[in-house]
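So the protein sequences, as listed, match chains A and B.
With this note's numbering applied, the first sequence has no gaps in its numbers, which climb one by one up to 307 at the end.
With this note's numbering applied, the second sequence has no gaps in its numbers, which climb one by one up to 307 at the end.
Just so you know, these hints were derived from the structure itself, not from any lab.
A portion of the hints provided could be inaccurate.
Identical chains blur together in the list; that is why a pair holds if it fits in one copy or across any two.
[Claimed, not checked] Cut-off 30 angstroms, straight-line C-alpha distance, at most; resulting in silico cross-link-like pairs (DSSO-like, lysine-lysine): (1) K199 <-> K74; (2) K188 <-> K20; (3) K192 <-> K205; (4) K57 <-> K199; (5) K20 <-> K249; (6) K188 <-> K78; (7) K23 <-> K205; (8) K23 <-> K192; (9) K74 <-> K57; (10) K192 <-> K20; (11) K75 <-> K192; (12) K20 <-> K199; (13) K74 <-> K188; (14) K188 <-> K205; (15) K188 <-> K85; (16) K85 <-> K199; (17) K85 <-> K192; (18) K78 <-> K249; (19) K85 <-> K249; (20) K192 <-> K57; (21) K205 <-> K85; (22) K199 <-> K23.
Just so we're clear, the structure is a prediction, and the values are computed from it rather than from any experiment.
Next come the chains, spelled out residue by residue.
There are 2 protein chains.
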Amino acid sequence: MSLVVVGTVAFDAIETPFGKTDKIIGGAAMYAGMSASFFTKNVKIVSVVGDDFPTEKIADFNRRGMATEGLQIKKGEKSFFWAGKYHLDMNSRDTLTTELNVLADFDPILPDSYQDCDFLLLGNLTPTVQRTVLERLHNRPKLVVMDTMNFWMDIALDELKQTIALVDVLTINDEEARQLSGEYSLVKAARKILTMGPKYLVIKKGEHGALLFHGTEVFFAPALPLEEVFDPTGAGDTFAGGFIGYLAKTHDISFSNMKRAIIYGSVMASFCVERFGPERLESLTIGDIENRLQLFVDLVQFDISLS
Amino acid sequence: MSLVVVGTVAFDAIETPFGKTDKIIGGAAMYAGMSASFFTKNVKIVSVVGDDFPTEKIADFNRRGMATEGLQIKKGEKSFFWAGKYHLDMNSRDTLTTELNVLADFDPILPDSYQDCDFLLLGNLTPTVQRTVLERLHNRPKLVVMDTMNFWMDIALDELKQTIALVDVLTINDEEARQLSGEYSLVKAARKILTMGPKYLVIKKGEHGALLFHGTEVFFAPALPLEEVFDPTGAGDTFAGGFIGYLAKTHDISFSNMKRAIIYGSVMASFCVERFGPERLESLTIGDIENRLQLFVDLVQFDISLS
């Protein structure tokens, strides 16, 4: 019974209107795994890095309850590296550098110790690699959550759709939902995407919150109004990690529990954007999470008695 | 004890991606008054029209509980007319025609029968006219809500600020909050605007819902995810009318009741956008409102027990 998280573990260099970083650790599996580790200590990472990746960071993952037997370390090779610069509105960014390095021929390894996987998060990665991971598990997990991005819609739509057809929950942002469905209305987009395979669709709207669609049901989780979004890098991955981490902890995939999971995902993402990279997640405590959860409750809770 | 609603009563010609209308009735006071009339039958309109405005529409207002003693009818003159065309995203529009007509020298009349005003809605209008209405009431109302728009920030910022300083609740959209405050972050914008006079600020975010700020408290009301926004004309006025209509009905201006009022405002706005102009409001029933309220409850309600 474990949560397997697949995705990049990498270096980022980030520039925002508030400052810039040197190379810091990043990657979808790093953010999602760290986020999930606040809910369950049985997180197992599938990824690949070069031997330039700091071993003390891997030791830190392990201390947090993230197993790294499936994290390949390629001798003499370099880790994936992305550098980007966010615009003033923080919603758009320019990619300055993308060095695939070890990611170019990533062949995921699923160790025997990972075969107890109950919850699987396919973090943003080549759709074919995502599918390979699912195929290499001997038993289908109880719940498969997939995150992806517009990049794969642009260059590998057919493969993407093949992977989407296999998962239970798809998480994408509003523009990606429009691109994938060809529908402007998110309600129509969701209806179309729910015919592509997933039973649940999460549409992430950044500062405008997230929508969860399932059949004819819909749930809306707000984003916390923040004074500043300091650095949005990893927020979507952190959201996905909190979402599936809470589901794995509670072992309950009912719609009402998915609502709670979306709120926890939103709570985790609200921390992520407060500092550069994973800095805020690294210092986070369970107490911080519970305090912020209360802010979310206060933000949307109202009491109307229907006549 | 009554609700006075000030604003335009006018003609609109609307073009959206779904079709176009001939001249139909419109105006901030028409939308807000009609919306409020679902909550209280003691709505009193202050506005001006020409004798081209259909008398049967005025009779319909009266039947709905909207008094029109303060609605001046100018013989031989024409009503305010606006024509506009919405873009595909429905968030932006081009103004094709603006004919001020009777609005050019509008001098609001507050009949004696309006002097029992407890709740005052200053619908979008010249800030000076809004202020004049407040000055012509012998007693200050219990609650003054003001709606305005970027147009007045562009051409009459000083007068606008003078009026804003006198009201309790200001309702504007996100871009207007940014323009008025010079702050991009809505949290920072709200903090600044709350020093300008109002004790409450509602920031309307269209399809992304609305935020209510008061001191350090914040409440978020979602918008209902709709298949299509057919025509956004009047949605903001309908929101404001539902908001103050509910407050006038319940006679409770606590923060927790304002939360409910915002939800009711959002419910009313969600109907408004479903048809051209006020068409959907004209056919609306109390039962429709209660059913939709339940959708809003279901949309955001979740149950997390904090440890």
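We went through each hint and held it up to the structure:
no., hint, in the structure
1, K199 <-> K74, "neither (37 angstroms within a copy, 60 angstroms between copies)"
2, K188 <-> K20, "between (39 angstroms within a copy, 23 angstroms between copies)"
3, K192 <-> K205, "both (18 angstroms within a copy, 26 angstroms between copies)"
4, K57 <-> K199, "neither (36 angstroms within a copy, 48 angstroms between copies)"
5, K20 <-> K249, "neither (36 angstroms within a copy, 53 angstroms between copies)"
6, K188 <-> K78, "neither (43 angstroms within a copy, 42 angstroms between copies)"
7, K23 <-> K205, "within (28 angstroms within a copy, 37 angstroms between copies)"
8, K23 <-> K192, "neither (40 angstroms within a copy, 37 angstroms between copies)"
9, K74 <-> K57, "within (16 angstroms within a copy, 77 angstroms between copies)"
10, K192 <-> K20, "between (40 angstroms within a copy, 28 angstroms between copies)"
11, K75 <-> K192, "neither (45 angstroms within a copy, 55 angstroms between copies)"
12, K20 <-> K199, "neither (40 angstroms within a copy, 38 angstroms between copies)"
13, K74 <-> K188, "neither (44 angstroms within a copy, 47 angstroms between copies)"
14, K188 <-> K205, "both (16 angstroms within a copy, 21 angstroms between copies)"
15, K188 <-> K85, "between (33 angstroms within a copy, 23 angstroms between copies)"
16, K85 <-> K199, "neither (35 angstroms within a copy, 38 angstroms between copies)"
17, K85 <-> K192, "between (33 angstroms within a copy, 29 angstroms between copies)"
18, K78 <-> K249, "neither (34 angstroms within a copy, 67 angstroms between copies)"
19, K85 <-> K249, "neither (36 angstroms within a copy, 51 angstroms between copies)"
20, K192 <-> K57, "neither (41 angstroms within a copy, 42 angstroms between copies)"
21, K205 <-> K85, "both (20 angstroms within a copy, 27 angstroms between copies)"
22, K199 <-> K23, "neither (38 angstroms within a copy, 45 angstroms between copies)"
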